[in-house]
Amino acid sequence: MTELAIQGPQEDRQISLVQDAFARLAANKLAVLGMILVAVLFIIAAFGPWLTPYDFLDQDLMARNQPPSWNHWFGTDDLGRDILSRVIYGARTAVVVAFSTVFFSLIIGLFIGSIGGYFGGKVDAFVVWLIDITMSVPSLLVVIVINVSLKPSMVNWMDAKFMETGNEFYRNTIWVDFILVFGSMALIKWPKAARIIRGQIMSVRNKNYVLAAEALGVSTPNIIRRYVIPNSIGPVIVYISAALGEAMVLESSFSFLGVGVRPPIPSWGNMISDGLRVWQLYPHVLAAPAAALAVVTIAFSFLGDGLNDALNPRQWK
Amino acid sequence: MRRYILSRLIRWIPSVFVLLLTIYALVFFGAGDPIKLIFLQAPGDVAYDPARVEAIREAAGLNRPFLVQFGDYLANVVQGDFGNSLVSGRSVNSMIQAALPVTLQIGLSAICIVSLLGIALGVIAGLNQNKLLDNVIVGFAMIIWGIPVFVSGPLIIVVLVLGFNQDVPYGWDGLFSPLVLVPLLVLGLNPMALIIRQARAGVLEVLSEDYVRTARAKGIPNLQVVLRHIMRPVLTPVVSQIGLLVIATLNNSILIEKVFGLPGLGRLTETAIKSSDYPVILAIVLIFSVVVMTSNLLVDISYPLLDPRAAAKRTENEE
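If you're matching them up, the sequences are chains Y and X in order. Our numbering puts the first sequence at residues 4 to 320. Our numbering puts the second sequence at residues 329 to 647.
Source of the hints: derived by calculation from the structure; they are not laboratory data. Check each hint, because a few of them may be wrong.
What follows is a list of derived Cβ distance ranges for each label pair [as the list claims (entries may be wrong)]:
no.	chain 1	residue 1	chain 2	residue 2	range
1	Y	N159	X	G491	48 to 54 angstroms
2	X	V405	Y	N234	45 to 51 angstroms
3	X	S630	Y	M166	57 to 63 angstroms
4	Y	S156	X	L535	56 to 62 angstroms
5	Y	V43	X	S505	39 to 45 angstroms
6	Y	A215	X	R556	44 to 50 angstroms
7	X	L461	Y	A215	45 to 51 angstroms
8	X	L402	Y	L36	49 to 55 angstroms
9	X	V405	Y	S156	20 to 26 angstroms
Don't be surprised by glycine CBs; every beta carbon is placed ideally from N, CA and C.
Can you make the complete structure from the sequences, with help from the hints?
Encoded structure:
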């Protein structure tokens, strides 16, 4: 009996980091709303092909520019394509691009940030300088320049490869769009990740509990797993949430400008830009993708703020 | 103080240089041959003749090594010459001279609006922490920050036209014409959350300081406490956001000038992208980057004026 009584609270403490954060998150109504919306977005993106009533490319020229109805919940566009289906596929585009961008910028950031944080001194000064330069670049423009300048040569290379090998894989240049989009975005977005990771490494490394664990002879993987990661993961999770939202906005911004993911692959950005041409006559063509994008970005910013409060309680003082 | 400014300047110059080199290399190696591009963009009757291309390339000095050409371009840029447009053949300088003032006027006015309104709202929110007013201000700012300008801009037009039977605010007629009002509001309100968040956090931090309590205890009127003792330390974190603010405003102006028909740098960028007009794109990237880096430099320089302790700490950290 006594053993049980002692074990109980200990077990509680083991999961208290996650539990504690989750309780605080659940208390924040806006964050919960954001979380639900983000979950819905992921589900829609994951199961898109099974959810869409029509194919996103199906053109029904007899039913062009129809207002919302039971057959077409969000109406149809100027080619008679079902807008609901296109919005759902746009969610897939947004989620794929956002996750790849955040994944690659985390990898670059982890690499550069930990080099700076670990070596310190001149290496660190260089890393900080690199972060500063990249951060002071007008991000949208540079992403555009990378896309516009590299695209023709990549497409040419794919064409040449196709001629050479006859491999069908090289024929589909949509992948070039996607790779260029998240590649260039990761090249612009890594500094924030690098800065956070560098800061976390520097602050946790010299904490007394890490030094104490070292002195007690705890092995390095164990130190990293038990002490370094739990104490530094908070800001990284907040970063991921914020960066996913930002990446979606950035992606749709430049497909709005006609760079990046190009028609006929639906992206909310190029759908908004299509809708802008006809909104006087058919406002629903503009409204659906615009509302989707607005709801998603607001959901991410609510979730991000909630996570920030829940995971970084020390900021409260 | 002078040493501080000098050290900032010394960091600024290589940053601009590295940026220029990167972007030039990207276009040089990525986009390929400018002569070919000119041919591809010429009207259909111009035949693509390799011998002629070679001759033009020779004459234009485009078969020289990359670094030589970059040096040449750099020398021209330093003298303020960005070359000629691939599409229209006009000098890039004249195109930029026509467009830059529009973007600068609107952008600067927008930044002023955000800063003033944002500080005021942020301080009010901080003074009313967790009350209704605070929640309304912060929620409002977050929602506006969440909606991209190329969504909110068109939506406002739709509401104005369909809801209020107003004319579409379209075109440019000087900074003081009513046409500018809507784009200015969209540009100015969107990044306000950046400022409000910092100002609010700054106020919360300062409120518990001894000198604020002392001032209150001495019976100084509340307004004066706010203006004298609370506002000044709040300015430092707010000023540190100006770099981000400038980037956000430039990005937004690229997106929104198309919507409101403003003949600024944003629209120039858009047309240049559509026609792969590299000299123009290069020039705009450069100008935007220099604007951002210069504003960062100004922020750095203004730190010691606002808070000598912060500057001392910054120099210390680097050494």
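We went through each hint and held it up to the structure:
Checked against the hint of 48 to 54 angstroms, the C-beta distance between N159(Y) and G491(X) comes to roughly 49 angstroms, which is consistent with it. Evaluation of the 45 to 51 angstroms hint for V405(X) and N234(Y) yields a pass: the beta carbon distance comes to about 48 angstroms. Our hint of 57 to 63 angstroms for S630(X) and M166(Y) holds, since their Cβ atoms are close to 58 angstroms apart. Distance hint for S156(Y) and L535(X): a CB-CB separation of about 57 angstroms, consistent with the stated range 56 to 62 angstroms.
The hinted window of 39 to 45 angstroms between V43(Y) and S505(X) holds, with their beta carbons roughly 44 angstroms apart. One distance hint, 44 to 50 angstroms for the beta-carbon pair A215(Y) and R556(X), holds here, with the actual separation near 46 angstroms. The hinted window of 45 to 51 angstroms between L461(X) and A215(Y) holds, with their beta carbons roughly 46 angstroms apart. Against the hinted window of 49 to 55 angstroms, the Cβ-Cβ separation of L402(X) and L36(Y) comes to about 52 angstroms, which satisfies the hint.
Remark: the range hint 20 to 26 angstroms for V405(X) to S156(Y) is upheld by a beta-carbon distance near 24 angstroms.
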